[in-house]
Structure formats: C-alpha cells, structure tokens
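Asks: First residue of the sequence shown: 0, per this note's numbering; consecutive thereafter.
Hint data in this document are derived by calculation from the structure and do not stem from the laboratory.
None of these values were measured; they are calculated from a predicted model.
Keep in mind that a hint or two might mislead.
[Stated by the list, open to error] Quick list of the computed label-pair ranges, beta carbon to beta carbon:
no., residue 1, residue 2, range
1, G146, D231, 37 to 43 Å
2, A39, R226, 32 to 38 Å
3, R374, T150, 30 to 36 Å
4, G170, L264, 28 to 34 Å
5, V367, D321, 39 to 45 Å
6, A355, D253, 30 to 36 Å
Virtual Cβ for every residue (Gly too), placed ideally from N, Cα, C.
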Amino acid sequence: MSTSSPRHVLVAGAGIGGLTLACALRRAGLSVTVFERSEALKWVGAGITVQMNATAALRRIGLCDEVVRAGACPTDSAILKPSGAALTRLPVARIQEELGLPLVCIHRARLQSVLLAHAGAENVRLGRTVTAFHDDGQAVTVRLSDGSSVTGDVLVGADGLRSVVRGALLGDAPLRYSGYTSWRGVCADVSSATPGLVSETWGPGARFGVVPIGFGQTYWFATRNARAGGQDAPGESKARLQSIFSGWHAPIADLIAATDEANILRTDIHDRPPASRWSRGRVTLLGDAAHPMTPNLGQGGCQAIEDAVALAELLAGEGPVDAALAAYEQRRLTRANSFVTRSWSLGRVAQWESPAGRFIRDALFRLVPQGLAARQVRDLVRDAA
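Taking the hints into account, I'd like the entire structure generated from these sequences.
Replies: Laid out in structure tokens, this is it:
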C-alpha cells in the first residue's frame, strides 16, 4: 500500500481498534496521531479472544505471529450446563490447522502492548480527549481537552461506546441495556481447569466463561440478569459470585476463589442499535464507536481489528478521502452490523431464566451438528476476506 502524498490521520482513542489502525497506517506509510483521554495506558485486567477472522486481518499487517506469541491457542471450545455436561463442542485445534489461522486467547494488556509497540508510543498523545472537530472540506481540525487543536486529513472516532466523535457526527442517542450485568477477572491457572479448553456455561439467567490466556493465567467472565445500574458493595463481588454460581461444575468455584477481590470488575452490558452510516466528509467511526455490540459472539474487538485494517488499506489508496470512507462503509458496515444484531439475539436466548425456556434453549443447542458449527467458523473467516 502506498500513496504519493501521505495523509495525516487523526485517531480519537487508543483502544484495540485505534491502536490497530495506527499500526496499519504506519505500515502503509501514512502519518498518524492518536489522542487518548487517559493520562497513562493502564490496561484493564481482562482477556480477549482474537478469533480467526481477526488474526487473518492481523496477518495482513504483519502482526499475527507476534500476537500468537503473547497469548495462547486453545484446542477445544464448549458450551456447558452447570453440571458440566456439554451442549455443544467445537474442535478448535482441528479448525485452526485446516484454515491455517490461529485463534488466540490473550490478556488485553499483552495485546495492547504489542499494538502500542508497532503504533509507536511517540504517536500516542495521552491525557487529551477530542472534544470537537471542524471539517472544512479540505482538512479536519480537532479541538482537544487541553485547549489545543490539531489539523489532519482524516479524523477517525475510535473512542468507544460513549464516543464523543460519534455524538457529534450522528447525534446523541441512549445506550441499549441488555438486561444483564457482568463481572470479569484474571487469576492464576487452577488445577481443576481442563488445559486448552475455552468454555461458557449456561444456567438460569446466568453464564460463566473460562478462557486460558497463557503465561499461567486464566481470564473468566460471568453474567447475571439484573436491573441496570446495580453495583456490588466494596469487598462483596467475590461473595456475590460465589453465591450465584454455587454448585456449578469445576473449575468455576476455584477460579472465583483464586481472584483477588480488587481485580474483579463489574460492568453492565450495553450496545446501540445498528447505525445506517458511520461517515461524513473527512470523519468516520471505527470499532465500538461505530458498532458497539454485546460480547456474546466475542466479536467486538475482532470487528474493530477488521475495521482498522480495511480502513488503512483504503486510506492508503490514491483516491480522495470521501471516496475512501465511502468504500470503507460499503466494505464493513453490513458485516459489522450483522454481528450487533446476532450478538444481541444470542444474549437474549443465553440469559433465559425460566425452566421451560432453558429446556428449549438447551435442547436446540444440543441438536446443532458439530459440522455445522465448524462450517460457521469457516464462513466467518471467508466472509472477512
């Protein structure tokens, strides 16, 4: 990828999407400046699964192998009942070998450190939030929280669920609450866990996920139907989780017990209904700013990575900026929005609480042939191309 007059791209937000975009732009020979509101990059203590569609995108910018070395590749995946009986299983190792692509479970801190190294720390300005922008048709100027302003050729809002750039571009709209809250934690591996197995257990209005992320660590997450805005009293998250998941199969109790109370994070789960456009003039959106989704398909960060690589490839072309952003929307909008809708729907079903609903849900998922589930993974990767 090359351009005769390298563009200067301004990026709001140094999350996974913003940093991946900076890596891809630098590889393409473009200039990039990332503005991050935090005073320091203190990565959230949680994990992420970089699925094969996202590792395919990372391979296009030369980062796949390094991300693999920073995480762990699972061998199997399963949806389980609280007893430990399987509803579905997927032979992940076999599919990785067949497609020639890894699936990587990784601590967010390690992933973001890899991305920052290639984005260049000198290109990330900390403690500065994009508060407003002006697009005059020839360039776009951003105003920053410290009172300064910077002008570039393009502005990309990668500033997350509550994006300032999205609000200015598309107008403010309320978030959509999923009906359930979540807890996340990282702890040392426990002996009762099955090595190489990524699992999610579905119970009555609650779920628990187990993700080995390498380097002697396991990431876990939990959900529970709840009213929006609830919080645990200080020091009570672990006890609450132990109560919710009492009697569920190993290693759930051991993982909760092995996690420091201070390292358990609780957040309500929100998304936004799909938007019909992400761009105007020289300004566009990426990742959660464009298509925030619930985490039920594990595609939030993965779709941000796909966005970033596609956008960088298009901006590195010879055509005008508005044409590049139009092509970006055409390539990405329908696909990303489909994950928003599918993830929302899956979450509703997975959180069913009534005995009748759970019986139907479990019966339906037990009937899904392993071959069909594997084909869906192949289609996921193929459609990302």
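Asks: If a hint holds in the structure, say so; if it does not, say that too.
Replies: Hints, one by one, checked against the model:
no. : hint                      : in the structure
1   : G146 <-> D231: 37 to 43 Å : holds, 38 Å
2   : A39 <-> R226: 32 to 38 Å  : holds, 33 Å
3   : R374 <-> T150: 30 to 36 Å : violated, 48 Å
4   : G170 <-> L264: 28 to 34 Å : holds, 30 Å
5   : V367 <-> D321: 39 to 45 Å : holds, 44 Å
6   : A355 <-> D253: 30 to 36 Å : holds, 32 Å
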